[in-house]
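*Asks:* One-letter residues, chain by chain:
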Amino acid sequence: MELYERKIMAVDDHRGIRQLIDGILREHGFTRVILAGNGEEAMRLFLAEKPELVILDIMLPGEDGFTLFQKMREKENVPILFLSAKDGDEDRLLGLGLGADDYLTKPFLPEELVLRIHAILKRTYRVTEEREKSFCIGNREILPERALVRYKEREVPLTAKELLLLAKLNENRGRIVTFDALCGAVWGDSYYGYENTLMVHIRHLREKIEEDPSHPRWLLTARGLGYRLVKEDA
Amino acid sequence: MKSLFRIIRRYSLMAGLIIVIILVCNGCILLGIGYYTAEQEGGDKYAKISVGLMERIGAEFQTEGEGYQLSETGGKLLEESEFVWAMALDGEGTAVWKWRLPKEIKERYSIQEVASFSRWYLEDYPVKILSSGGLLLVFGCDPGMIGRHSLLVSPVLLKNAPAYARMFLFLNLLIIGIFILWFGYRFYGAMRPVAEGIEQLAAGKPVRLEEKGLAGGLAEKLNETSGRLMAQNEALARRDFARTEWIAGVSHDIRTPLSLIMGHSDRLSRDGTLTREHRMLAENIRRQSLIIRQLITDLNLTSRLVYQAQPLKQSKCLPASLIRNCVSDFYNEGLDTEEAAKYEFEIIISEELEQTCIEADEGLLLRAVRNLLGNSIRHNPAGCRVKISLISQVGKIGFFVQDTGAGIPETVVINMENPESGVHIMGLRLADQIAKVHGGRLEFVERPKGGYDVRMWIAENTCPTEA
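Chains A and B, in that order, are what the protein sequence lines are. If you're matching positions, the first sequence starts at 74 in this note's numbering and goes up one per residue. If you're matching positions, the second sequence starts at 198 in this note's numbering and goes up one per residue.
The reader is advised that the hints may include incorrect statements.
[Claimed, not checked] The following residues of chain B were derived to be distant from chain A, with all beta-carbon distances above 12 Å:
| # | residue |
| --- | --- |
| 1 | Tyr208 |
| 2 | Gly264 |
| 3 | Thr291 |
| 4 | Lys295 |
| 5 | Leu333 |
| 6 | Ala445 |
| 7 | Leu457 |
| 8 | Ile458 |
| 9 | Arg467 |
| 10 | Gln507 |
| 11 | Ala517 |
| 12 | Ser525 |
| 13 | Phe542 |
[Unchecked claim] Here are the simulated DSS-like cross-link-like pairs (lysine-lysine), alpha carbons at most 25 Å apart as the crow flies:
| # | chain 1 | residue 1 | chain 2 | residue 2 |
| --- | --- | --- | --- | --- |
| 14 | A | Lys304 | B | Lys539 |
| 15 | A | Lys304 | A | Lys195 |
| 16 | B | Lys325 | B | Lys245 |
| 17 | B | Lys325 | B | Lys273 |
| 18 | A | Lys241 | B | Lys245 |
Hints listed in this document are in silico derivations from the structure and should not be mistaken for laboratory results. Where a beta carbon is used, it is the ideal one built from N, C-alpha and C, also for glycine.
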């Protein structure tokens, strides 16, 4: 099933917030969005519609979000993201401690919400759609499952480390990923001393994905910080 | 408790010292008085009358028929001496020569009488006697010149007198010492609960002492003070809690409408059906709402830090990585491409500090460093170059933020500790609070041409090395 075909339910007592979430999700391609304004309605819709992800406010009239969370989990093990104005660490810890998939504090940026929903859906349903599996960097297609870069009928293999780096950069596409995060993704926590090795891997990657590796267009260096994989539409 | 023991020990030593001083003083005064009296009242004069003088007088006796006469020289010597009368007794005890003999002095004496006055007095006159040329010369002194007290002492006692004196002194000192220690101990016992109470009070714990004994009155006052302090502390805690909750409540209530402002402005800023100008306006609203979001979070956190409602979540943290994350976040979130072009970040981290790993609340530190960097950006809208260096001192690690812009104004530096100044520096104050909960502080470094740069120091709690 397509990622964007997953059914998402948003529970919030504020009509404006419900509409905002609906608008954001639809704008980003999600077509099946259900909205509920209180616990009772939420449970009814939850049982009837069987959403595949729930965005749950905590402070609701009647039963609060935490209680609702437990009721839903008793029925179905769906991923749940808390979206709350409660920003205290204790609330965050309580929410995550109950087993929530994520906790986002209001006010939030639409992109923040969408990225988190993407991450949860990918993690939970191990999306296998072709468009999720492979991605393009310019005129080159990256096929992670086969560890290949395809370009004009030519296929260039990627090493395991190059693949890990590319996946990390693609996850954060358009954003700078620090040396620390990249090294951590490839070599784990004790990554100190691998910066030079990282540079070598990046050079090899550029040779595989860039037209002109000496003047990269896609995999850019953020001096002193890390690297950035430029977005497709940039 | 150590301090109380010290007080008691000092008290005992002082008491001992005072007693020794009093004894020494008494001895000195006694000796002084004895010496003075002897000197002034005649005792000394009596002692100074030499046998030589008496012998010289004795030698001046001449026989004159059956009687005796004193020569002119002898008479002169007698006149100049301390004697007030004199007589010479022959072998029969009869006075054969007399000089100024008072009426009450007899002129004939038996052997027993001679033996008696030779050691004592003759009619209250202290006398000195000398046997010279078959005569017993008896010299009388003024009755007020000297007093004599007869004491019968056994030779053993006399022989052991110095040892007895030493023992007497030692026993006295021992008894005094025992009493000092005994009273000191009792005093210590009575004061110990009071001292413990004061220590507990200083540690902010409630005190409830038994109000009896030597320190009963003190204990009562201490109990009263403790009760009052506890009540005040509770009132303060309630007020702090109410204030923190109020701020949390307000920030919570703002969050929902702000979500709508932020969400809708973000959508509008990317809405292709709008004109570029309208999209820009929406983008402005979005950016301002981000600032409000940051302010709310800062306000909430600062109140929690001030009222110690924020537990420190210490974990392994790499300051070098933290700086890179922070700068990356600015590029990734805060600054779009146009904005980013106006700012340039330079990170300076030595090879050694690159590896430094500390125990700290990474989330809080990230917030503090963000605030320091954000300060440089916010106050230099025309753009600037921001340099952030990781520095170290003994036991400390620091984040040094410098920029090529205007620098932090002096008003801000002066009013850092004065929340009533009206200067809006919540971001820097929050960074300062975060530094303080990490055992450090903010330090402002004056530039040669005015303005300040800022260093945030924190204690270098090195990570435990992994086995």
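*Asks:* Each hint needs a verdict: does it hold in this structure or not?
*Replies:* Hint by hint, here is what the structure shows:
no. : hint                    : result
1   : Tyr208                  : holds (53 Å)
2   : Gly264                  : holds (131 Å)
3   : Thr291                  : holds (127 Å)
4   : Lys295                  : holds (123 Å)
5   : Leu333                  : holds (119 Å)
6   : Ala445                  : violated (7 Å)
7   : Leu457                  : violated (5 Å)
8   : Ile458                  : violated (7 Å)
9   : Arg467                  : violated (8 Å)
10  : Gln507                  : violated (8 Å)
11  : Ala517                  : violated (8 Å)
12  : Ser525                  : violated (4 Å)
13  : Phe542                  : violated (7 Å)
14  : Lys304(A) <-> Lys539(B) : holds (22 Å)
15  : Lys304(A) <-> Lys195(A) : holds (20 Å)
16  : Lys325(B) <-> Lys245(B) : holds (12 Å)
17  : Lys325(B) <-> Lys273(B) : holds (18 Å)
18  : Lys241(A) <-> Lys245(B) : violated (119 Å)
When held up to the earlier numbered hints, the structure conflicts with 6, 7, 8, 9, 10, 11, 12, 13 and 18 and fits the remainder.
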